[in-house]
Amino acid sequence: MRVLEELNQFAYDLLWTWQPRIEALFRSLDPDLWKSTRENPVLLLAQLGEEGVQRACEREEVRQAFEGARAAYREYYDRNPRFMDAQAPLAIAYFSLEFGLSECLPIYSGGLGVLAGDHLKATSDLGLPLVAVGLLYKQGFGRQDIDAAGRQFEVYYENKGSDLPVRKVEGVEVEAPIGARNVRIAVWRAQVGRVPLFLLDTDLESNPNDLRGIT
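Residue numbers for the sequence shown follow the numbering used here, beginning at 169 and rising by one.
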């Protein structure tokens, strides 16, 4: 597997958010860029580009971090967790309005979202058959700043799915009733270790503006 392909495999599996050796690999590539992208591996790799990644991988500390990340990834998926062989006939459906998994995926605003995110991580560790469903908010939480007069204010940034550790489920749209109307919904997928998290997105041109604004 090529280096960039392997890094993308790590980036789009949110296992790195609770496996320090995998996170350490991204940090080692460019510590300053890792910080400025709010620890977003997808943006990090996009901004480094293939040449930047290759140059970084020539450094000994990056090569060592790569070996550590590979070992952590193999160890995690090679082991058989407690419920992996339970042969459950059905999966658990876990719905939440927010999931706090990482600052680089701003689809949460507080403690309940963090709790939901921790549930997914623990479920992955245990090997429970669970599928999670949430919303892909375009703005997510606001970021606080201070103006010249010392007053606090919030700034909301527009999130683009292509910049996040999620992938669009191509060719899939669903429809749901909202009052007397139907809304079209696209679906994105985040991988949280062994747990798939499907995120619903109403910001489609086929929807009227008020329905697009749901997410």
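Worth flagging that the hints you see were computed from the coordinates, not collected in a lab.
Where a beta carbon is used, it is the ideal one built from N, C-alpha and C, also for glycine.
There's no promise every hint is true.
With a straight-line cut-off of 30 angstroms between C-alpha atoms, the simulated DSSO-like cross-links for lysine-lysine are [said to hold, decoys possible]:
#	residue 1	residue 2
1	Lys306	Lys289
2	Lys203	Lys336
3	Lys289	Lys328
4	Lys203	Lys328
Computed Cβ-Cβ distance ranges for the label pairs, DEER-style [stated by the list, open to error]:
#	residue 1	residue 2	range
5	Glu235	Glu326	34 to 40 angstroms
6	Gly347	Glu174	44 to 50 angstroms
7	Gly318	Pro257	18 to 24 angstroms
8	Val299	Arg227	18 to 24 angstroms
9	Glu229	Leu283	32 to 38 angstroms
10	Gly347	Arg247	46 to 52 angstroms
11	Arg311	Val171	29 to 35 angstroms
If you check each hint against the structure, which ones fail?
-> 7 and 8
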